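Take the sequences, apply the hints, and build the full model.
Number of protein chains: 2
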Amino acid sequence: MSDFQFPLRVEKLRERLVQDNLDAIFISNAENRRYISGFESSAGYLILTRNDAVLCTDFRYTEQASQQAPGWRVDRIGGKPDWLADLVNELKIKVLGFEADDMTVDTLDRFRKSLKNNNANPTLRPTSSICLELRSYKDDVELALLQHAIDIGDQAFEETAAQLRVGMSEKEAAWIFEQAVRERGAESISFPTIVAVGPNAARPHHSTGDTKIVEGQTIIFDCGAKYKGYCSDLTRTVVLGKASDKIKRIYDIVLTAQLAAIEMVKSGMTGEECDAIARKIIAEAGYEEHFGHSLGHGLGLDVHENPGVGPNSKGKLQNGMPFTIEPGIYIPGWGGVRIEDVVILKNSKAQILSHAAKINP
Amino acid sequence: MSDFQFPLRVEKLRERLVQDNLDAIFISNAENRRYISGFESSAGYLILTRNDAVLCTDFRYTEQASQQAPGWRVDRIGGKPDWLADLVNELKIKVLGFEADDMTVDTLDRFRKSLKNNNANPTLRPTSSICLELRSYKDDVELALLQHAIDIGDQAFEETAAQLRVGMSEKEAAWIFEQAVRERGAESISFPTIVAVGPNAARPHHSTGDTKIVEGQTIIFDCGAKYKGYCSDLTRTVVLGKASDKIKRIYDIVLTAQLAAIEMVKSGMTGEECDAIARKIIAEAGYEEHFGHSLGHGLGLDVHENPGVGPNSKGKLQNGMPFTIEPGIYIPGWGGVRIEDVVILKNSKAQILSHAAKINP
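Protein chains in written order, with the numbering used here: chain A, 22 to 382; chain B, 22 to 382.
Some hints here could point you the wrong way.
It does not matter which identical chain is meant; a pair holds if it fits inside one copy or across any two.
Claimed, not checked - Restricting the straight-line Cα-Cα distance to at most 25 Å, the calculated cross-link-like pairs of lysine to aspartate or glutamate (DMTMM-like) are:
id, residue 1, residue 2
1, K159, E293
2, K287, D44
3, K33, E52
4, K337, E32
5, K101, E326
6, K233, E84
7, K367, D96
8, K335, D103
9, K269, D161
10, K335, E284
11, K335, D79
Simulated from the structure, these hints should not be mistaken for lab results. This structure is a prediction, so every number in the text was calculated from the model and none was measured.
Below, the structure is given as structure tokens:
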């Protein structure tokens, strides 16, 4: 199978076909398509059987598909869904899994009708998260890209932090970061940069706006770079000028909770067990009600992906999985503190992949 | 109903509920949610009945929803889908339309099971494109935003065109445009900028890369700005240095086809009739095989939306609809020419909304 760009990914997906009693899987999700085949495009489908690998896309992308996805047969398809019936019959697919967490009701309905009208009668079986589970473990190719995205984000943040001034707006600060990321070769930011000043920092998902930086208030800066598809994610809390004792105390609680989770997380632990390490410290300091989100999340081709690291995350954290650790304390009307790094489990322990300075207030 | 931000939009959607025999519609698509309610967010649902209007979102966004969507009752929901059953029972909804072209198979399944488990038994009826059809007509609020997005894109393109130099890469040129757009107050570009130099210009959906500008070759520049959600879309073809007679001849054919379509399109014409005006001119010049895409498309909150303006577009173009007119000729190994403007039908005729200079080679 060395003719594939990512032979091990294809092999692992085929193992899942066997486990799940599927003859083939029909991949519609763009990131899963890219992960399994290497084909980077907004349009196309993969049909992977236990022996065959077919990439279906329209005339705009067939040339690109052939280049990016060696080992895949590239079929040119049109707007009508009838190609699926031909392929199902040719490849003798009896049980076809599809991505029920990606495909719309309309799209499934169109394919279902077309199969019937063209005398192809596979069992269409809904699947969820098969590729997402594979994607939670990163291989060496992915880790190199993820680390590069993280490095770009770290450097761009530090460059931005050095330029923050009283009177600068949240939007202006976010734009400095975005330019710095792009000038370092990232294709884009990995999500809309959050810059939240003062009382805005009390909202974990504040929409960056025209509020200006004020001396002595917390500024939450949550930002990331996307490099060759891979997404970084970093949060730092910064104060310009003198920080109050209250800010220092809350910053210290959040930092202690973050470092404890990084120190104590082990492979085999569930996401909720990891979350509980940080949550307990924040609760004991009296701020349980003020930490209203999960401790972290996996990241890769999506900025939020498996594993989950929250109060209801039953899945286990394992060696080879990168994820964020980002506790926070939010006080309405006052502000907030959040500190986030990306770690990866190796030899059962967390290694920190982010290296942006923590600028303690 | 003046307590709504967009009373006419709500009213028109309610007329559709009556026409389609629906008690209510369940809106999951983000742009439709924004269009109907004014709520700008990545998470939330609308339930609009003939008398009630409920916006359901999680704790992160309830405050924002109350501000942005006056006239809507804001319900705070959690991760479980059981809130839908409560609402269906409270509002006595018997036939509930959902957006089958947006909702995934998994999401529908979760809601369906939850409804059943909670003794709510509405008929769930798949709908397609109801809001998209309403959105194809732009009201005055939308037209002002769209025109502003177009003006930003036009100015940013002209600023960029003046800076193009032999030896500059496609990516560098695209980045100049993006910075110019952002400095003029756009929140982002409206789609990844296409800069295609020389033979790359033969591919209508070329992925902007490291190819450098060469004297005397065609450069296709396809770009847009997003302002308060509204997307502009502009294409110009530029040559640095002296253009060959072949470039001049092909440019002239494309421009003639574009101007003819703009001159002759009338309200009541179908999209395919409009497409045929330009396609006929290109075919008569001997390049029919080299114009492999549709003449245009509607645009608004999405950069591609209704109406369609292509060889199979049966829908009618009507007063109040903006759309692009963008014929092209593409010659493999050589290059291509595409020219695109946005027009709107008013008093049955097209008015041009784009004002970027056409830099004839």
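Right, here's what the structure says about each hint:
Within a single copy, K159 and E293 get their C-alpha atoms as close as 21 Å, which meets the 25 Å cut-off; across copies the closest is 48 Å, which misses it. Proximity of K287 and D44 under a CA criterion of 25 Å is satisfied in neither setting, with 36 Å inside one chain copy and 52 Å between copies. Only within a single protomer do K33 and E52 lie at most 25 Å apart by alpha-carbon distance; the minimum there is 17 Å, versus 37 Å between protomers. Only within a single protomer do K337 and E32 lie at most 25 Å apart by alpha-carbon distance; the minimum there is 22 Å, versus 50 Å between protomers.
Only between protomers do K101 and E326 lie at most 25 Å apart by alpha-carbon distance; the minimum there is 19 Å, versus 32 Å within a single protomer. In this homomeric assembly, K233 and E84 come within 25 Å of each other (Cα to Cα) only across copies, at 21 Å, whereas the closest approach inside a single copy is 49 Å. Within a single copy, K367 and D96 get their C-alpha atoms no closer than 40 Å, and across copies no closer than 43 Å, so neither meets the 25 Å cut-off. In this assembly of identical chains, K335 and D103 lie within 25 Å of each other by CA distance solely across copies; the values are 21 Å between and 40 Å within a copy.
Taking the shortest alpha-carbon separations for K269 and D161, neither the intra-copy value of 39 Å nor the inter-copy value of 50 Å comes in at or below 25 Å. Within a single copy, K335 and E284 get their C-alpha atoms as close as 20 Å, which meets the 25 Å cut-off; across copies the closest is 63 Å, which misses it. With identical chains, the CA atoms of K335 and D79 are at most 25 Å apart between copies only, with a shortest distance of 22 Å across copies and 40 Å within one.
The structure is inconsistent with the numbered hints 2, 7, 9, although it conforms to all the rest.
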